[in-house]
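Colleague: Line order of the protein sequences matches chains F and D. Numbers given in our numbering equal positions in the first sequence, counted from 1, plus 19. Numbers given in our numbering equal positions in the second sequence, counted from 1, plus 19.
In case anyone wonders, no lab produced these hints; they're calculated from the structure. Be a bit skeptical, because a hint or two may be false.
Where chains are identical, the list cannot tell them apart; a pair therefore holds if satisfied intra-copy or between any two copies.
As the list claims (entries may be wrong) - Mimicking DSS-like on lysine-lysine, the simulated pairs with C-alpha atoms at most 30 Å apart in a straight line are:
hint	residue 1	residue 2
1	253	278
2	453	132
3	117	474
4	476	333
5	333	227
6	117	51
7	453	269
8	76	367
9	132	51
10	132	106
11	453	274
Below, each chain spelled out in residue letters.
Protein chains: 2
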Amino acid sequence: MSKEITSRATDYSQWYNDLVLKGGLADYSAVKGCMVIKPYGFALWENMRDNLDRMFKETGHVNAYFPLFIPKSFLSREAAHVEGFAKECAVITHYRLKNDPNGQGVIVDPEAKLEEELIVRPTSETIIWSTYKDWIQSYRDLPLLINQWANVVRWEMRTRLFLRTTEFLWQEGHTAHATAEEAVEETEKMLDVYATFSEEYMAVPVIKGVKTANERFAGAVDTYCIEALMQDGKALQAGTSHFLGQNFAKAFDVKFSNKQNQLEYVWATSWGVSTRLVGALVMAHSDDEGLILPPKIAPMQVVIVPIFKGDDQKAAIDAKVNTIIQELKAAGIRVKYDDNDNNRPGWKFAEYEMKGVPVRMAIGARDLEKNVVEVARRDTKEKMVISLDGVTQYIISLLGEIQQNMFNKAKAYRDEHITEANSWAEFEQLLDEKGGFISAHWDGTVETEIAIKEKTKATIRCIPLNNKKEAGTCILTGKPSEQRVLFARAY
Amino acid sequence: MSKEITSRATDYSQWYNDLVLKGGLADYSAVKGCMVIKPYGFALWENMRDNLDRMFKETGHVNAYFPLFIPKSFLSREAAHVEGFAKECAVITHYRLKNDPNGQGVIVDPEAKLEEELIVRPTSETIIWSTYKDWIQSYRDLPLLINQWANVVRWEMRTRLFLRTTEFLWQEGHTAHATAEEAVEETEKMLDVYATFSEEYMAVPVIKGVKTANERFAGAVDTYCIEALMQDGKALQAGTSHFLGQNFAKAFDVKFSNKQNQLEYVWATSWGVSTRLVGALVMAHSDDEGLILPPKIAPMQVVIVPIFKGDDQKAAIDAKVNTIIQELKAAGIRVKYDDNDNNRPGWKFAEYEMKGVPVRMAIGARDLEKNVVEVARRDTKEKMVISLDGVTQYIISLLGEIQQNMFNKAKAYRDEHITEANSWAEFEQLLDEKGGFISAHWDGTVETEIAIKEKTKATIRCIPLNNKKEAGTCILTGKPSEQRVLFARAY
Numbered sequence: 020m021s022k023e024i025t026s027r028a029t030d031y032s033q034w035y036n037d038l039v040l041k042g043g044l045a046d047y048s049a050v051k052g053c054m055v056i057k058p059y060g061f062a063l064w065e066n067m068r069d070n071l072d073r074m075f076k077e078t079g080h081v082n083a084y085f086p087l088f089i090p091k092s093f094l095s096r097e098a099a100h101v102e103g104f105a106k107e108c109a110v111i112t113h114y115r116l117k118n119d120p121n122g123q124g125v126i127v128d129p130e131a132k133l134e135e136e137l138i139v140r141p142t143s144e145t146i147i148w149s150t151y152k153d154w155i156q157s158y159r160d161l162p163l164l165i166n167q168w169a170n171v172v173r174w175e176m177r178t179r180l181f182l183r184t185t186e187f188l189w190q191e192g193h194t195a196h197a198t199a200e201e202a203v204e205e206t207e208k209m210l211d212v213y214a215t216f217s218e219e220y221m222a223v224p225v226i227k228g229v230k231t232a233n234e235r236f237a238g239a240v241d242t243y244c245i246e247a248l249m250q251d252g253k254a255l256q257a258g259t260s261h262f263l264g265q266n267f268a269k270a271f272d273v274k275f276s277n278k279q280n281q282l283e284y285v286w287a288t289s290w291g292v293s294t295r296l297v298g299a300l301v302m303a304h305s306d307d308e309g310l311i312l313p314p315k316i317a318p319m320q321v322v323i324v325p326i327f328k329g330d331d332q333k334a335a336i337d338a339k340v341n342t343i344i345q346e347l348k349a350a351g352i353r354v355k356y357d358d359n360d361n362n363r364p365g366w367k368f369a370e371y372e373m374k375g376v377p378v379r380m381a382i383g384a385r386d387l388e389k390n391v392v393e394v395a396r397r398d399t400k401e402k403m404v405i406s407l408d409g410v411t412q413y414i415i416s417l418l419g420e421i422q423q424n425m426f427n428k429a430k431a432y433r434d435e436h437i438t439e440a441n442s443w444a445e446f447e448q449l450l451d452e453k454g455g456f457i458s459a460h461w462d463g464t465v466e467t468e469i470a471i472k473e474k475t476k477a478t479i480r481c482i483p484l485n486n487k488k489e490a491g492t493c494i495l496t497g498k499p500s501e502q503r504v505l506f507a508r509a510y
Numbered sequence: 020m021s022k023e024i025t026s027r028a029t030d031y032s033q034w035y036n037d038l039v040l041k042g043g044l045a046d047y048s049a050v051k052g053c054m055v056i057k058p059y060g061f062a063l064w065e066n067m068r069d070n071l072d073r074m075f076k077e078t079g080h081v082n083a084y085f086p087l088f089i090p091k092s093f094l095s096r097e098a099a100h101v102e103g104f105a106k107e108c109a110v111i112t113h114y115r116l117k118n119d120p121n122g123q124g125v126i127v128d129p130e131a132k133l134e135e136e137l138i139v140r141p142t143s144e145t146i147i148w149s150t151y152k153d154w155i156q157s158y159r160d161l162p163l164l165i166n167q168w169a170n171v172v173r174w175e176m177r178t179r180l181f182l183r184t185t186e187f188l189w190q191e192g193h194t195a196h197a198t199a200e201e202a203v204e205e206t207e208k209m210l211d212v213y214a215t216f217s218e219e220y221m222a223v224p225v226i227k228g229v230k231t232a233n234e235r236f237a238g239a240v241d242t243y244c245i246e247a248l249m250q251d252g253k254a255l256q257a258g259t260s261h262f263l264g265q266n267f268a269k270a271f272d273v274k275f276s277n278k279q280n281q282l283e284y285v286w287a288t289s290w291g292v293s294t295r296l297v298g299a300l301v302m303a304h305s306d307d308e309g310l311i312l313p314p315k316i317a318p319m320q321v322v323i324v325p326i327f328k329g330d331d332q333k334a335a336i337d338a339k340v341n342t343i344i345q346e347l348k349a350a351g352i353r354v355k356y357d358d359n360d361n362n363r364p365g366w367k368f369a370e371y372e373m374k375g376v377p378v379r380m381a382i383g384a385r386d387l388e389k390n391v392v393e394v395a396r397r398d399t400k401e402k403m404v405i406s407l408d409g410v411t412q413y414i415i416s417l418l419g420e421i422q423q424n425m426f427n428k429a430k431a432y433r434d435e436h437i438t439e440a441n442s443w444a445e446f447e448q449l450l451d452e453k454g455g456f457i458s459a460h461w462d463g464t465v466e467t468e469i470a471i472k473e474k475t476k477a478t479i480r481c482i483p484l485n486n487k488k489e490a491g492t493c494i495l496t497g498k499p500s501e502q503r504v505l506f507a508r509a510y
């Protein structure tokens, strides 16, 4: 083994950190709570970003860019919004440093104090709706379907690489519509885009649902979400899409004249996913040997390792591998040939297992003679010896099979971990012994929701879309309930 | 005309602002000095970014992401660096807001003061080299060839859309090498990438050169640059590539063991271009009717406008246009069909002229009968009637011709505006009457350079690479000089 990884059974949390650090995805930084996304992790994020970006554009959205800074007073315009974000804001108060007259280094120049403090955006509804006021006059200006890829900052006391960092990268869509119906339709459409991306690209099955009032985005009328399940039985919110009603239009006085020439407030949505998805990906699929990345977004899909003695064997292998690589690249496959002679094949095998490369090919002199190559799948660890004739077609279908297998496996695990609880005792036992989503009746009040969270750390992850109505009694209070909701402990 | 544009002759500066605002590239924001990049402007930037990103990857670079914030003490580590940036730093002093006990809104929570202030990155050498210390131990870890796409903040008192804004988007490459020679080679290679991008994609000819000590990046041993010329005769620095020597390695104690197992400081480069390039593009090519965008990076390369009376004509045109569009898209051409019936053809013609779309096609019922279409070039304003047979091939070659013509025109203008001055009187006269680059002798001292700047606002843009040596006397002091350098007033 090239590097030691803590096993999931020993310490799931440490296992996760080991994978992120030793797999080369990210590193801690000198700034508390902020991480460095390393080249391999960033290449993974780029593949996620590029696919999402294409899906956004295919659904009619365009990208733009709004300022990093938000005047402090803007946050206060929407009451719930400021309540939700005020406690985690990075605040700019000065715009200049000067030499310390009493010694070395630099100090903040007290004469360069801002009249109004600026907040580093925790999210951009306020700065964007202050801009939309200038862009929207008539129904002809609607809908506005704009997305932004950006960094945001929410001051976090307890951080985890990718899952919860003070600065993170994300996209935030901000759309403006003439009617509530159209805005709700947009909210649901983008939730579908997220679910499709998560399932088809990340191979992570998700449950689509609506948040309770208590878990809503600060300033939203309704928050839709996709919820995924990690291998330790904890849930993870993988994306949210908000119907904002007219809240931000009212806060920033954004009206349009409708076809009847009457002024109305504009309807809004916002929706986002972030680098947090990288954490979800790691925790949903990986094992005790390292990362397992789905082929569609893996930075390297195939790695080829030569096994040889002497320059003659190496030259013969190189010649064959170059042909294979040309064919694979022509088929759009991301392939790397690792003939670095500082490391031995066994070290490389462990390294690429750690990095989660979906397919490894090893080729030696005897393989060449037999016109075969050894192919190893990262997901199942199966090894096959296959003919070099038609190897490209084989790899193409193998990558498809791995993608599907990873999804099936994650889905089987997730499906096995949605359990009904019909009493408080059962609920607590399931949480502690089995984990996963627990489908249970709840009386619909915020008080009960909070009480359950305080007793068990479990939260209502969502009310699934198209949830069936079913009369029952709340597991905690025994009061009447009209439907089950999904509880879980969550990241 | 759909919108009024100030002419270049009337007010060049206002002309530029009109183009940026009315062409839909950017807008002012509620935050002083920060701009909003509008969808059309952002699509242009995306095309620039994607081509640069591909060129970086083709030259062996990978992307990563480092924190937005830099601990204040990091800036002080490199003396010249802090001197250069301290006066324009946005400073985070607090991490929380709270409700104002005396009234409405929120105030900064005095109890949430940071022990050490954080600076919003003006550039990332310090945070990156503090990280490289952990990543580099041996010569086997070198070179590190990393790029980052990011937003940066430099507090500016006088801002101009794209050209000088407090926040801007850019890329910054930060590489680490085992030898000075290799680092210098990298510095020059990336300057070449920038020059190639500027000339082949932006159609903006540039002069490659080295900055004087006075104009060097804060912390660099040598700053290389590409300098472009705008239509008002002012120069614009379009990209810089810095050889940083061992300055940052020493500041952050980054050493590696070489092949002889001896510890050495690492050699560094950094290089960047920014959204400023959008401003350069606008000013290099556009005219009094609007933007003129080079086909290779124009968000729309072709727009098709139908001209019709009644639904029957429209249906016939639609059918034909759909075929054309399919063909153009299959050839990789970015085409838009504008059949919005809120606006008349004349309004659309003016609008797409304003937006600088390289090719406009107009097609009416009579054209259909004759199997022809009217094609208008944005760069020369020529109109041609061409056969619909083979229209795709025609458009492909026309786009290539427009790209080349734009470059040739800009290059002819630039070449006509490099003038030798051999006396102070001639120098001043050229600056005031002709503008452009003035090639003149300079005695090589910072004092003279500053004196010339104070008298004329002209700066030394660069000492061109491969400059020929030529004995002469300084235009200001009469002292001996061994080569001419390029002066200009600049953005």
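Colleague: So which hints don't hold here, by number, going up?
Modeller: Numbers 1, 2, 4, 5, 7 and 11 - these are the hints that the structure violates, sorted from lowest upward.
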